[in-house]
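A.B. asks: 12 is the number of the first residue of the sequence shown in our numbering; add one for each residue after it.
Worth flagging that the hints you see were computed from the coordinates, not collected in a lab. Among the hints, a few may not be true.
Below, a list of computed lysine-lysine pairs in the DSSO-like style, where the Cα atoms sit at most 27 Å apart [to be verified]: (1) K35 with K96; (2) K35 with K50; (3) K96 with K70; (4) K96 with K50; (5) K35 with K70; (6) K50 with K70.
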Amino acid sequence: MHPSQFSALAARRFDACGEVMIQKSAEYSRQNDRLWNFKRAADMQGITPAEALRGMWAKHLVSVFDMIDHLALGNVPSQATCDEKIGDTINYTLLLEGLIEEARAAQQPVTTAELAGLEAEAMISPAAAEIGRAAATPRRPIPDECLGSICHRARL
12 MHPSQFSALA ARRFDACGEV MIQKSAEYSR QNDRLWNFKR AADMQGITPA
62 EALRGMWAKH LVSVFDMIDH LALGNVPSQA TCDEKIGDTI NYTLLLEGLI
112 EEARAAQQPV TTAELAGLEA EAMISPAAAE IGRAAATPRR PIPDECLGSI
162 CHRARL
């Protein structure tokens, strides 16, 4: 597929996904929370919202895998099937990102001073860095300016 054709396909798909998200928002959102449906399902089942999303997403992924199996046998899915199944997969990925963003916002980020301490610890002893990693639960997000630094690698 020519790059311009693929770009047009991607633009159409993302536009369609946005429209579906707006339409579904009224059905699945409550209390001004776009992720309410997953939180409610999580409460009902005693699991996390992300786990609830995974369960709901699984049926969509099964359909996509079936589509791939049919394609391998020479059965090309209709445009309507692609619109629904591929669009749902993209939208569930975005909804998962929303849950991740909320979880990240609820955590206190690691400070630059803490990162400097981790970096110094990693330089002193790899064993000390390993102990520090094991003790660092729950993990907190690392500021973007530190990504790729030695302190980030030691934290992972």
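A.B. asks: Confirm or reject each hint.
C.D. replies: Now for the hints, and whether the structure bears them out:
Between the alpha carbons of K35 and K96 the distance comes to roughly 15 Å, so the proposed pair stays at or under 27 Å and holds. For the hint linking K35 to K50, the alpha-carbon distance of about 16 Å falls within 27 Å, and the restraint holds. Between the alpha carbons of K96 and K70 the distance comes to roughly 10 Å, so the proposed pair stays at or under 27 Å and holds. As the CA atoms of K96 and K50 are separated by approximately 23 Å, the hinted pair is consistent with the 27 Å bound.
Proximity of K35 to K70 is assessed by CA-CA distance (about 17 Å); at most 27 Å being required, the pair is judged to hold. A threshold of 27 Å between alpha carbons decides the hint, and for K50 with K70 the separation of about 18 Å falls inside it, so the pair holds.
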